[in-house]
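First to last, the sequence lines map onto chains A and B. Residues 1 to 401 in my numbering are what the first sequence spells out, letter by letter. Residues 402 to 802 in my numbering are what the second sequence spells out, letter by letter.
Hints listed in this document are in silico derivations from the structure and should not be mistaken for laboratory results. Glycine is no exception: its CB is placed at the ideal position from the N, C-alpha and C atoms. You can take every hint at face value.
Simulated coverage check for chain A against chain B, where a stretch passes if three residues somewhere in it have a Cβ under 8 Å from a Cβ of chain B:
1. 16 to 30
2. 47 to 53
3. 340 to 347
4. 355 to 362
Straight-line C-alpha distance at most 25 Å; calculated SDA-like pairs for lysine to any residue:
5. Lys785(B) / Ser316(A)
6. Lys785(B) / Asp322(A)
7. Lys563(B) / Pro481(B)
8. Lys368(A) / Glu425(B)
9. Lys384(A) / Gln719(B)
10. Lys563(B) / Ala535(B)
11. Lys497(B) / Ser339(A)
12. Lys769(B) / Asn7(A)
13. Lys548(B) / Asn673(B)
14. Lys96(A) / Ser740(B)
15. Lys496(B) / Ala344(A)
If you anchor each label on the Cβ, the simulated ranges turn out as follows:
16. Arg364(A) / Cys454(B): 28 to 38 Å
17. Gly613(B) / Gly157(A): 42 to 52 Å
18. Gln442(B) / Pro38(A): 22 to 32 Å
19. Ala571(B) / Asp322(A): 56 to 66 Å
20. Thr81(A) / Ser456(B): 42 to 52 Å
21. Arg364(A) / Thr526(B): 54 to 64 Å
Number of protein chains: 2
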Amino acid sequence: MMAARANMTVGILGAGQLGLMLAESLSNLGGHVRMLDPNPQSPGALRTPFVTCASFEDENALRDFFAQCDRVTYEFEHIPTAALRRILEEPTQRKKLWPSVLVLENAQNRIAEKKALARVGAPLTPWTEINSLAELEEQSSVWLGNKRHGLLKTASGGYDGKGQWRLADAADWANALANLPDSARAFPMVLEEKCELETEISVIVGRHPTLGTFIFPAVENIHVNGILDTTLFPARLPYELCEKARAVAEKIADSWDVFGLLCVEFFVVRRNGEHALLVNEVAPRPHNSGHVTRRSMSRSQFDILAQILLDLPFVSQQVSPDRTWAMWNTLGDLWSSHSAAWPAELLAHSAVCEAMLYGKPGVRAGRKMGHVILSAPNHAALTKNIDHLRSTFTNKKGGHG
Amino acid sequence: MMAARANMTVGILGAGQLGLMLAESLSNLGGHVRMLDPNPQSPGALRTPFVTCASFEDENALRDFFAQCDRVTYEFEHIPTAALRRILEEPTQRKKLWPSVLVLENAQNRIAEKKALARVGAPLTPWTEINSLAELEEQSSVWLGNKRHGLLKTASGGYDGKGQWRLADAADWANALANLPDSARAFPMVLEEKCELETEISVIVGRHPTLGTFIFPAVENIHVNGILDTTLFPARLPYELCEKARAVAEKIADSWDVFGLLCVEFFVVRRNGEHALLVNEVAPRPHNSGHVTRRSMSRSQFDILAQILLDLPFVSQQVSPDRTWAMWNTLGDLWSSHSAAWPAELLAHSAVCEAMLYGKPGVRAGRKMGHVILSAPNHAALTKNIDHLRSTFTNKKGGHG
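Chain A on its own, in the form it takes in the complex (with noise of 0.2 Å):
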């Protein structure tokens, strides 16, 4: 047998949905798990005993943190990195941060993503830095002379949709040239063509400096509001289109020498007739779209990155299913009510595999109350269930904003 290092403890920043379910792996395999959030009532706190409530930029509190940790990893990319890095100063606490801060860094403003993702030779969509309102000024012009449809981003700070400005026409322009000083929090920016999608995809890579690599399957996703909505496995696209995505997700794995898991989100585009792939941006932690992995493959996203940052063999392969699956994410918005619940209707659901609630306290529009898996033979009876579940849920309306 080989030494399979399991006795070891494993922090997590952030406390949330990902990294409760990132425990939840890692106690399975004989793991110590310890967590650092600033929020009392964070899933990981309600559920587990791990978690120290202390803010990210406490740096005294990272030290300790980091210090009863073999290992440190991030559920989620906006933790600000400044007390991280003079802490990875010390010689004994310098390997310790999976992935590493420069992959952190990368994911963490736009920029320097699609900087690091040209290097490696991603496809991106056509874009532009803004420094300031000047510079956006003058875009303007252009990119209406061109009838260029835009898409203005925060470079920093912006995720499910939030800190973005759709720029399809002279009045948002207007708009946003009127309103960006006060509701953007700084600049730069980032001004990114909009493409014209066919579907959206996603690939989860794990990878270890020594034991491998693991290389999900691709799913297709499907956004509402800017916020991930359905995820289907498998991805209704040709698997050559897949696989293609699945040897650009490995490359910029491998480039950036990631050591855990990286989520890379593809926009799926027509080009000449033909399907392309555009990287859309990247996630060094478990990623959404991965949750489907909890039901449909033997080992899911968490157990992988588990194995891996307890530096336990993997599977090279996993069997791929006869059946359909969907991760269906449900938010604040189906609710109503004051607490989160299950329609009855959705437990006695026999395509239902798995309905998970978070647990946080109070429903809120936009905030991810919980998922529910779901399985049937074709893509067209998962989507017919899920449409049917939305409407028995209290808030008829469905999607918010």
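Use these hints to put chain B onto chain A, whose structure you have.
Frame of chain A, contents of chain B only:
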């Protein structure tokens, strides 16, 4: 939408692995959980923030616990009921314990159990109540004369093969008669006929007073040294026999008015060339043989029990899988090391769908350290995989005792 009463607090007496997995299902449904266990190092205590550490005989602690819970269940049946009964006498507490204290007491004592099973018409092995050493001595000549093989069991307190004596020949009887007073806690005992078994199966029934009944498919159980080693799903038996077992299990649960789960374990014997079923014993709680449902079914035994305890509607049927599944119980015997860790080969094996360590500190022979769930196209492949994986553990000699 029907009102889903997930905003309830469910108490679990016992915080072992069964309690831990039930807590997970309850939390995923939005339920609140509390657990009580005397062991500060129980899986629940190490992995959840829900545990009060107290003796099951500490009436004040139990009373506080009941006061904090809307409903209380138990994850093992060896809980003294005197204090429980006093608490349940209070009008506000009377209906809180699910399954009822009567069901619990039936399951605690082999004599009460067999009498209650016989009243329902459940098929049993021939058995006799033994109240003293003199009565046992009297039986010895009868059984030896008739060349009947006996199995002597303590009426209460025995599980996993503990508190049992095989009585096959004169030496066995002489040994039992000479050594019994010291090793058996107390009479009464049960003397059962030891049947020639073809195999063993079990059926888990989930039952709610108003929301209906869910009967899991029969699974096949292979015991080694009196402890469950492997569960196979589906059982390698004719469909009609499995359906008959399900009907018997449902009848017992109905007659005993079980609110919660009831696992019924059956011996499968040959009578006149035909298969016949004999009820071995019952457990009114999640059962080790039901772990296989965590992966092979869309609702596990823990999910169904959680839905029952939270008054949430549950499925009336689940789709049967095309593949064959096994649950392999990994006892402390498998490790020669001080702490449990999964062998590298197991973690990387493509047939493994769940490998869960319970986090118990210290490896001990006979202690359930974790379980593995595997899937393969057929039974032969499963058995081969388990045999191979068994050989990758540090303690090559396998079974204990």
